[in-house]
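Asks: Protein sequence lines, in the order shown, are assigned to chains A and B. The numbers in full-length UniProt numbering rise by one with no breaks, and the one at position 58 of the first sequence is 58. The numbers in full-length UniProt numbering rise by one with no breaks, and the one at position 137 of the second sequence is 137.
Warning: the hint list may mix true and false statements.
Pairs count within a copy or across copies, as identical chains cannot be separated in the list.
Think about it this way: if two alpha-carbon atoms lie no more than 25 angstroms apart in a straight line, the pair counts; the simulated DMTMM-like pairs of lysine to aspartate or glutamate are [claimed, not checked]:
no., residue 1, residue 2
1, 26, 74
2, 66, 197
3, 87, 107
4, 122, 197
Bear in mind the hints are in silico, worked out from the structure with no lab data behind them.
2 protein chains.
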Amino acid sequence: MIAPPFLMSTMENPTNIVWHKSSVEKLDRQRLLQQKGCVIWITGLSGSGKSTVACALSQGLHMRGKLTYILDGDNVRHGLNRDLSFKAEDRAENIRRIAEVAKLFADAGIICIASLISPYRKDRDVCRALFPEGDFIEVFMDVPLHVCENRDPKGLYKLARAGKIKGFTGVDDPYEPPLNCEIVLQQKGRDCVLPCEMAETVISYLEEKGYLQA
Amino acid sequence: MIAPPFLMSTMENPTNIVWHKSSVEKLDRQRLLQQKGCVIWITGLSGSGKSTVACALSQGLHMRGKLTYILDGDNVRHGLNRDLSFKAEDRAENIRRIAEVAKLFADAGIICIASLISPYRKDRDVCRALFPEGDFIEVFMDVPLHVCENRDPKGLYKLARAGKIKGFTGVDDPYEPPLNCEIVLQQKGRDCVLPCEMAETVISYLEEKGYLQA
């Protein structure tokens with residue numbers, strides 16, 4: 001067994017504060033990472049570009065030396081939430097669990113990017129309430145339904161319109177846009193706003209609020 | 001909106017590989033952190049010292065500049081797993097979810113320390129199977145029942161012996177020790193082995209296996 005001098009000495013010296021601290025805390029991890037843990041909660045219709053912006057955001061932050069992790073509604077359903085169906089109560093539980101995991105990631109000091117439709121205001125507010133003030137940053141992908149439906153990257157709108165998917169958000173289930181979210185991302189005028197530009201909007205917000213330093 | 005030159009240039013130059021990469025991957029995060037993501041799965045009886053070793057381990061690794069996060073059976077029950085009871089199927093689900101979350105943490109590049117009794121070999125093997133070869137490091141707190149019961153830090157053995165807790169591991173429910181775990185921690189002879197020494201055993205293992213570098 002290897003016991004390096006610095007640990008042995010802390011055992012011999014009971015006044016050493018590092019050893020007697022009960023555990024490594026959030027602040028210690030944040031100092032190590034030079035950032036503050038939080039969650040960027042990206043909400044919006046299917047096809048609104050949530051995953052694309054999540055990727056661009058993780059890229060932009062990684063290039064600045066910041067540690068991020070994406071929790072994607074679809075991906076988590078293959079692991080943690082694979083026991084959940086798409087019926088109403090299971091969708092709520094899907095969101096609850098992702099928020100709880102995001103909370104653990106934020107506590108770990110990580111900038112967690114959660115990307116999921118999360119159509120109901122009530123569910124999103126329950127998630128927000130789990131976090132300390134400021135650490136839940138809601139980003140609304142404000143893209144009109146007809147644009148999302150035209151894109152239809154997974155062919156889901158087509159299936160929903162054909163009645164092959166029931167309770168599809170925007171078709172036969174409502175999407176409730178945020179009333180007071182931190183950031184709204186939208187196409188302005190005729191110019192196309194690229195995902196990396198949208199990501200920069202979020203990064204500027206994080207910078208301004210002090211999340212990119214310990 | 002701020003769009004730094006390096007991002008703008010990637011937009012103007014479609015051959016730039018950084019921008020076209022779909023996302024930040026595990027290897028990128030590991031390079032950033034200079035470590036490899038994995039889970040240290042600490043199993044053992046109540047009172048065997050799992051949490052104490054988990055804390056000492058997180059301290060020892062933090063002092064080396066490594067990012068860790070502790071998933072504690074008890075703590076997670078207050079959040080993610082607060083819908084679960086202590087009946088058999090819920091205990092299995094408790095373990096499954098913790099393993100799935102540990103998998104996300106490992107994918108984030110973090111050294112995740114999971115500390116929970118996890119008494120059944122079968123359940124632990126299900127967890128192990130979620131991880132790439134080598135990334136699930138099982139640590140057995142090999143402390144005799146009578147020692148744990150003498151310590152009884154939470155007074156749970158007393159309650160179990162009095163019949164006030166049913167199905168308590170070691171009393172009226174079995175603990176199945178690992179057959180082929182990576183690390184066994186035990187008191188050797190008469191000398192007391194301190195938690196930080198046990199942590200050093202684990203750290204030496206991680207060092208040897210290359211987990212403390214990218």
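Asks: Run every hint past the structure and note whether it holds.
Replies: We went through each hint and held it up to the structure:
1. For the homomeric pair residue 26 and residue 74, the shortest alpha-carbon distance between copies (18 angstroms) is at most 25 angstroms, but the shortest distance inside one copy (28 angstroms) is not.
2. Proximity of residue 66 and residue 197 under a CA criterion of 25 angstroms is satisfied intra-copy only: 18 angstroms inside one chain copy versus 32 angstroms between copies.
3. Taking the closest pair of Cα atoms, residue 87 and residue 107 never come within 25 angstroms of each other, the shortest separation being 30 angstroms inside a single copy and 29 angstroms across copies.
4. In this assembly of identical chains, residue 122 and residue 197 lie within 25 angstroms of each other by CA distance neither inside one copy nor across copies; the values are 29 angstroms within and 49 angstroms between.
Hints 3, 4, counting from the list given before, are not met by this structure.
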